[in-house]
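Residue numbers (this note's numbering), protein chains in the order written: chain A, 1 to 522; chain B, 1 to 456; chain C, 1 to 123.
Bear in mind the hints are in silico, worked out from the structure with no lab data behind them. Any given hint could turn out to be false.
To be verified - Partial pick of chain B residues on the chain A-facing surface, computed with a CB cut under 7 Å:
id : residue
1  : 288
2  : 291
3  : 294
4  : 308
5  : 367
6  : 385
7  : 439
To be verified - Which chain B residues stay away from chain A? Per the calculated CB distances, all over 10 Å, these:
id : residue
8  : 1
9  : 183
10 : 184
11 : 186
12 : 193
13 : 206
14 : 207
15 : 234
16 : 236
17 : 237
18 : 305
19 : 320
20 : 427
21 : 447
22 : 456
Everything numeric in this text was worked out from a predicted model, so none of it was measured. Built from N, CA and C at the ideal position, the CB exists for glycine as well.
Chain by chain, the residues:
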Amino acid sequence: MSMNSEGRVTRPENTASAAAPATFTGNRGLMLEEQLIFERDDYGRTGVDLPKAPLVANLLGGLERHRPIGLPGLPEPETVRHYTRLSRQNYAIDLGLFPLGSCTMKHNPRLNEKVARMPGFADLHPLAPVDTVQGALGVIHELGEWLKTLTGMSGVAMAPKAGAHGELCGLLAIRAAQEARGNAREVILVPESAHGTNPATAAFCNYRVENIPATADGRVDLAALEARLGPDVAGVMITNPNTCGLFERDMQRISDAVHAAGGLVYCDGANFNAIVGRVRPGDLGIDAMHINLHKTFSTPHGGGGPGSGPVVFSAALAPFAPLPFVDKQGDDYVLVEEETAGEHHGASFGRMAAFHGQMGMFTRALAYILSHGADGLRQVAEDAVLNANYVLRSLDDVLDAPFGASGPCMHEALFSDAGLAQGFTTLDIAKGLIDEGFHPMTMYFPLVVHGAMLVEPTETEGKATLDQFIGALRSVAERAKAGDAALKAAPALAPRRRLDETAAARKPVLVWKDADLPEAAE
Amino acid sequence: MRYLPLTDSDRQAMLRTIGAASIDDLFVDVPEAARLAGPIAGLPDHASELAVERHMAKLAKRNLSAGEAPFFLGCGAYKHHVPATVDHLIQRGEFLTSYTPYQPEIAQGTLQALFEFQTQVARLLGCDVANASMYDGSTACWEAITMARRVTKRGKAILSAGLHPHYVSLARTMARFTGDQLDIAIPDLAPGAPGGDMARLLGAIDADTSCVVVQNPNILGHIADLSELAARCHEKGALMIAVVTEPVSLGAIRSPGEMGADIVVGEGQSIGVGLNFGGPYVGLFACAEKYVRQMPGRLCGVTSDADGQRGFVLTLSTREQHIRREKATSNICTNAGLCALAFSIHLTLLGETGLRNLAALNHAGAVSAAARLGGVPGVELVNGPFFNEFTLKLAKESRPIVRSLAGQGILAGVSLGRLYPDAPGLANGLVVAVTETSSAEDVESLAEALEAELAA
Amino acid sequence: MTTYYTDEHEWISVEGGTATVGITDYAQAQLGDIVFVELPAPGSNVTKGGEAAVVESVKAASDVFAPISGTVSEVNGALEEDPALVNSAPETDGWFFKLSVADAAELEGLMNAAEYKTFCDGL
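For reference, chain A alone in the conformation it holds in the complex (with noise of 0.2 Å):
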């Protein structure tokens, strides 16, 4: 007999099924409390290794910061675990479905990652001589011709750093060439059901904004855009696929309405991923459309950002991209600043960043452009279409689709709160989602369509993870058309339950305040 021999039960004992008892320290298994690094006692500690610095008589003029600046320091085991805990508190891409419309939450490739890591790309300083930073260029170069051909557009402007700034950037070129023909004009025309960013943006260049209602079957009412246009009218921006996930059939006619009012057209290229390589919005008159890098072409979203909005313009908008941008010369590449503009590119509207742009997300997205290449993207689209059609034909027994009866939809399934039972909301049945372990649809979005859910799967989704999706979002909906009261009551399994933003919102703690802040060694 060896000495480990004492007998131990090897099967749950209680098998009656019980609340979770509470914790001494709150975690729960696996889900551990984490606290703020300003809660801890290390105000005096640090996690890197630093020789001393040298003895030499200081020149900062006497502007020596004396009084503590209140930053904790975590030496690293502790900062590993800090950030690790946190991050186990997220739902991502990585653990599981995340079908949030308009976001094109698809799987990021870690290829993507190795490549932006590359020394060459990662650590070039923006200003370096231009001789030395000829693969950089290269990249921007060849990301560019790319977007042009896929678009069928003949200027692109890589400088934007996401879509709210590629529209600045559409928007701004837009009213440079209205400027050129004399007159800027005075008013954007937005559909209803468009991205927020679009008439902030509109705003935000001085324009003012009109809308242009929708028709009963979620498009744009070609009719009413007919009849507002005029000499006031700078411009449109259409969303295509719009936000209901629907193609703007009319969209030909739209441009062709527009063009003869004297008016531009402007596309946000959200949902560019229902269509890459099976339609080019250059053939349908487009006149700038930006591109966001972090939705179609797989960068990840960070949580928030980075992202970066690369904008194609059409011949007439062309000349007016703004600076700096690369240009290919023989086998060199030349960048194009205020210096040098004059002579290829003088209408430019100027300058609308710092440097050249997200060019960590343009490593990123070329690795991913390359690996599709043409074949590959026309199936990203198909399979992305595919995939919301079967959610959108799978689930409207159960829940309201209100343009499901104008024929399929295109990387997004569209549904309402009719139906529901009485005090049961859209809110609900995201968070009825959250128990059953998936990242809810986007909510209230587009703002046409009530208590609306927009369910983007993407082309990344499997048939079997759809369809337990699927089976979830049946049974939360029945749940939510039955009245279940425990469902007001979810998430009831996330790391928090529903958060007080009534509270939030009405006594804003934005920072920390320590009640008093050690005194830092001088």
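Knowing the structure of chain A, use the given hints to seat chains B and C on it.
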């Protein structure tokens, strides 16, 4: 295709559920003329991971990276050592592949990290509150100017001559369309502190002035006490906006908030983020609490959940585009979340002790380098007080020298000819940044190479 | 004192040359928990139908329009500390601002309590 899980039989089964005969049936709303019959001609087909990696590696090899050469570039982007822990942690899928925390119950990790970031930024910049990040320093600077317009209901911004010329360029682009009035000047190479510009700023503030925008350390590396300027702004009902492009400096010098700035914006790149050829970076944005409702960008706040447990949510969202639409304080939506996380992790590793030590190392290295380089025949040190960056006035035009030294494998600094191509008076200026990554040998290589160039 | 209502869900109570303005119970119920109210500056002039204040809940922000023209004589400072007053007492303690009436004729065409109730019932 390795990223697409559906099989052909899945696709057929799903089409049957949908009631469509083929994929083409799902694209019926696209006008016939705009439908592409097959993959776009002239483009390559899909490629293996190995093939793509080789293609990208080939492009990467055409660059001279900062780590390969004695390196002295700054002017808005700085090379600092980033601990390996930072990159490991931001690559955790739960951070990397999550979205804006719109469902707070399952995004507490991102939210708590943002709350910590806001607190660190506010303390570092010396302000009451900070937001959850902007795209970068340059766009944050313009946002601050528009915020000052909203707060003061005035339309004239006075920009310091020491403000980064790209930031100025961006403001000029925007002001052309928004109608904001800008008062702009360029710096000069007069030795010592830029007293002329301070006098200009103090004298220019009037009843129409919304704000004065002043960078510290400035584009030439000068540092200055901004207290008098802040007081004059407040006397005249204007705001003082301070811009910090090198936040490591705040481990050594007084924060703009302590000197009276109302809004402080910054480029956070130098802590945790890396050079990345200009992006993605992280814009810092902090201000006095009384202006918080005019702030752009996302804000994370404290609250509690249904069980009374502390939790975090995005708050004061009515300022933002998704609710306020054309009346929003900004059009920003996506920000720089992951870079903000990197900034916050690096600052957590440093702590106050590490940051102060890092800043002292930078300053000491720069002081020694300035003495060595300023002693090279034909080189004159322009600065009085500075932190880790200073300007040299060379006996020759600096831009060809920078190019020539790059050819010799030395990244010597930023020539003012590149930044101010239209200002002949600045053509001989060379801005040199010295951080903890620059060794004494690197400085010696630069000094010797400069001496040879100037003697030639 | 006479109280009138607008189709934008503001109420206005007039006594002598002074009018008190707020939003109706119906409006506060639609908005949900009020978290912030932005009030006009005392001494400023507002015009009938023009934007005079902003009322915010967590997920919505709405402009409050001046039912009639006039000069703002007083604002309800209590709302700064306690915006929830708009929810709990919208037509009493949760008032927004007072006006010195510029032209009493502008009150014509506004609804009385019964008419406003019928109006809301029809929504």
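Review point. Which numbered hints does this structure break?
Key: 1, 2, 3, 4, 7, 8, 12, 18, 19
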